[in-house]
Each structure stands twice: as C-alpha cells, then as structure tokens.
Amino acid sequence: MRDPGNGGGLLPARAGIGLRDPHHRQVLAELPGVSWLEVHSENFFGPGGRPLRVLEAVRRHYPLSLHGVGMSLGSSDALSKRHLDKLKVLAERIEPAAISEHLCWSSVDGRFFNDLLPLPYTEEALSHVASRIDRMQEVLARTILIENVSSYVRFAGAAMPEWEFLAELSRRSGCGILLDVNNIHVSAVNHGFDPMKYLRGIPPEAVGEIHLAGYSEVDDFLVDTHSRPVQEVVWDLYTEALKRFGRVATLIEWDNDIPPLEVLLAEADKADQLLENLTTRDHALAA
Amino acid sequence: MHSLHSNQSAFCDAIISGVDRALLPMLAEAEDVARRRLDTYRSNFIGTLSAALESAYPVVAQIVGGAFFTEAARQFILATPSASGDLNEFGEGFGDFLGAYPHAAELAYLPDVARMEWLVQRVFYAADAPAADLALLTRIDAERYGQLCFSVTPAHARLDSRWPLADIWRVNQAGFAGDMTVDFSYGAQLLITRRDDLVYVESLTTGEAVLLDLLAAGQPLATATERAMATDPGFDLGAALRRFVAQGMLWQARFAGEILTGFPRT
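Listed in order, the protein sequences are those of chains A and B. Each number in the numbering used here corresponds to the 1-based position in the first sequence with 896 added. Each number in the numbering used here corresponds to the 1-based position in the second sequence with 249 added.
Rather than coming from a laboratory, the hints here were simulated on the basis of the structure. Be aware that one or more of the hints could be misleading.
Stated by the list, open to error - One side of the interface only, derived from the structure: several residues of chain B facing chain A at Cβ under 8 angstroms:
(1) Ile264
(2) Arg323
(3) Gly334
(4) Ala376
(5) Arg492
(6) Val494
The beta-carbon is built from N, C-alpha and C at its ideal position, and this holds for glycine as well.
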C-alpha cells in the first residue's frame, strides 16, 4: 500500500533544520520555534541507548523527517536487506513525517565509500534504481522522497539529463522528489547546464521537500560541503523554485563546521520569510 | 555502453588505488579536469571515514595526536573496506591494525586502548534491558539460590588487558584535571557498562570478572561462585552481587525453567 501524494505531505510547508548531535541537548531544553526537524536515519540504527531516547523525546515536540545517507540505492550490489530492515524498525518507532534517500550509489562489490557518488543517466540505471525504490516503498509501506546529489564528474553517454532521470524515476516508482536547490546550482556550475532548465524539468506535483545548504569553491569548480550559510545565488534559485513548485517544506542543512543553533534558526527564518512572501500570483505566473 | 557494475568498479579503483585507466574514458570530462575532480571524491572518502574513526577512538587520538592519527586512519581506511552504509559500524579492527602498525610499536598499550574504545562504542548503542526486580527472588528458598541463572544486560562488555586501561581511560576524558600519572605495572579486568545512557569503564577484581563471565555464559550462580572463589581467594560474593545489581547488570533471573523477568526502570 502506498500513501498518495509526493511523500512529503505530512511535513509542514515551512522551514525546518537538520538536527545534528551538537544541538541535541539545546533543542530539547529550549524547544526552539522551528516547524520540523530532519535527522540522518543511520545515526539512530543502534538498538538502544541515548540516540534513540533523544530522538523519541524530540519526536514528541516536532514532526521529523528521516533522511538516509547509506542505502546505496544506485549500487549494482544487491539492496541491503539488513539496512532496509533497520530503517523500517526506526520508522515504526519514530513515525516520521517523511523518509528520504539519495539518487546515487555508495558501494560496489560490498565495499562502501560512505559517500554520494554519481550515477550514469542510462536506461539501465533508471530501471535498476526504480525497481529498488519500489522495493523500499514496499517494505516501508509508504512513499519515499528521492534527492538529487551534487556531482563533480559525469558519466559519458547519458541517455537523458539528470532532471529527466529524476522525473522519470518519480513517474515510474511513484516516489516523491526531494529537490536540493544547492545541489542543482553546484552541478549546474560544474557541468555547465542552466539550473532553470532543471527546475522546469521537474513535475511540480512530485516535489515534497526542498534542501538548502552552503557550498565551497575549489579551484574552478564547486563542492557541496554543507559547511557554510546558503549562498545568495542559491537563495535566488530557491525563490524561482518556489514560484514553480509553490510552498514546499524546506530544510536548512549544515553538517560540517556546525555553527551555533541560532545561526541555523536564522537561516530557517529567512526561508520562512520567502515561503510566506510567496503569493498565489507568483506561483500562478510561473506555472 | 558500459554496464552499471563496470562503471562503479572503475570508479572504485580510481578512488581506492588511484588507478583511473578504466574510469577516465567513461567520463564526460577531459582527463585533466576529471583527475582533479576525482581528487575531491577521494578526499571526501578518506575524510568521512577518518571522522568516523576519530569519533569512535577519541582516547587513541588524544594519546597519539592529530598528525599521527590522521596518517594511521588513512592507512587503516585504505586497508579495511567499510562494509556498511551505517558509519557507526566502521572501525572494528583498528586495535589489531595498530598492533601491527610499525609507527605505534613503542606504544604497546595502544591496541588495547583501541579495543576498549570499540567496545565503548558498542555499549553506547547496545539494546536497552530492564534491570532485574530482585524482589522476585523472595519467591525462592535461599538455600536454592545456587541454581539461579542470570541474563546479563546487552549494554555491557568485558575486556582483559595487561595494561591499566581504566586509568588510561579516566585521565584521557575531556575535562579531566587531576594527576595524569598512570601506573603501568598492573593490568585490568575491565567492565564497560551503561547507566542512564552514559558509558562507564571500570576495573573488576579477578573474582568478580570470573563470576560475571560465567553468569553471562549461562552458568548457575553456584558454579560461577565456586570458580570465582577458586581463582580469587579474597572473593566476596555479597559485594560482587551488590555491585552488579547496582550497575543494572543482571537483567533476568531463571530458576528451574521459570523466568523471573525484571521490570523496566521507567
């Protein structure tokens, strides 16, 4: 059984923040006025102890999104039943508003890189990933969201651009799309495509969540470091995305050089302002 | 057209061994551009797994210092494939690696410090178990206590070492401000436990260690006690049981096939 919609329907269409270990205590003590929180699923795969206790306490106060980084959906290896079972156990315990994973691969021949690696956008990869999303959704008994990653190299001989691959994946499997606007910008600069073309290639009804983060410049290309505030050019692209997709739950992600909680909350306020300022007219004009 | 597996296997070779012959023709970028960008994937790979090791092995990192740890971590990562999408599962075997690492030869105790830290991480994430409600034991005649068997909480680990690991652990904790001197002339029979979600590293007496290991192996109390007393003439059964009960170590008591389950502490 799949729930209808884009997999993000239970998240408030407002700004949330990624909850990371250094902020657990403060968030529980102060319960800041942010609309929802997202965590990395794997950090809560252990069967007991403090992490689960913290997550259950947080869940009593906020809608939660479980964001996976280790399912290795695009790998040519068999899908890990053990990993998926742990996610299922966690989801049953936490009852998250959304579950998401990445459009990437992380392992081959049993060896994990614990990184989000780029896929070739071929028909072979499309049917492979679609069938694995089917499997995940079947086991979890719900629709999941799939996120575009930043990439630094591309495989030659692509049958379609990334946005078409993502849209087709959603069409075939019924999964929702977690659109990372920062990743679109990073990949657009690295590979020389027009980010607006990307946005126009994504079906609005499939977009269940948006991610925003900061990137870094290395030599002549961009790297998705999640270590900085959201750059101005990404806020601009986000504004364009909202015009096309309407009000969508939006996450501020920050994973390295994690700043004080207040910095994250200020970024979330900024996203909330843009969400609130979006008029029906803007949305209609863009659509 | 290349298959998904050959794409990924070529990518793997480029990242792990720097052999990019197979991968470069598969990529859209010119070779020099592709090489520089693959460096980013390579440093992400090493950086992510190094951070996981540093989080699992803070005492080892504190003892050896930044540059030493970074290089040891890099070599371990290249030699030891990560086998899970869950980073918390990466790093088992770092103790054995350090035991064979020539640059750590002068720090003979370092491998055991690492083995201890791996167990600390496992205990931190281990399943919860309610502590035994020992009032249930009043249902049994005291002279038959010897036939009791116990289940020991999953949130514990044991490690015997010729090095004073509990003291090494204690003086290397963040915020420790006391005397850093550690007496290396004696070893440790270590008990790693979790109480109120915090992990504790403590030393056991020889008798306590024997008793706990035999109880954990399913032996009845009488057998475990006899062996503890035979090994350690000073063994005090009452003190040992009080200690393990206070630490929430004994989870379930079984007597003549009946399970006397404890109640959750909440």
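Hint by hint, here is what the structure shows:
no., hint, in the structure
1, Ile264, "holds, 6 angstroms"
2, Arg323, "violated, 14 angstroms"
3, Gly334, "holds, 2 angstroms"
4, Ala376, "holds, 4 angstroms"
5, Arg492, "violated, 22 angstroms"
6, Val494, "violated, 20 angstroms"
Taken one by one, the earlier hints fail for this structure at numbers 2, 5, 6, listed in ascending order.
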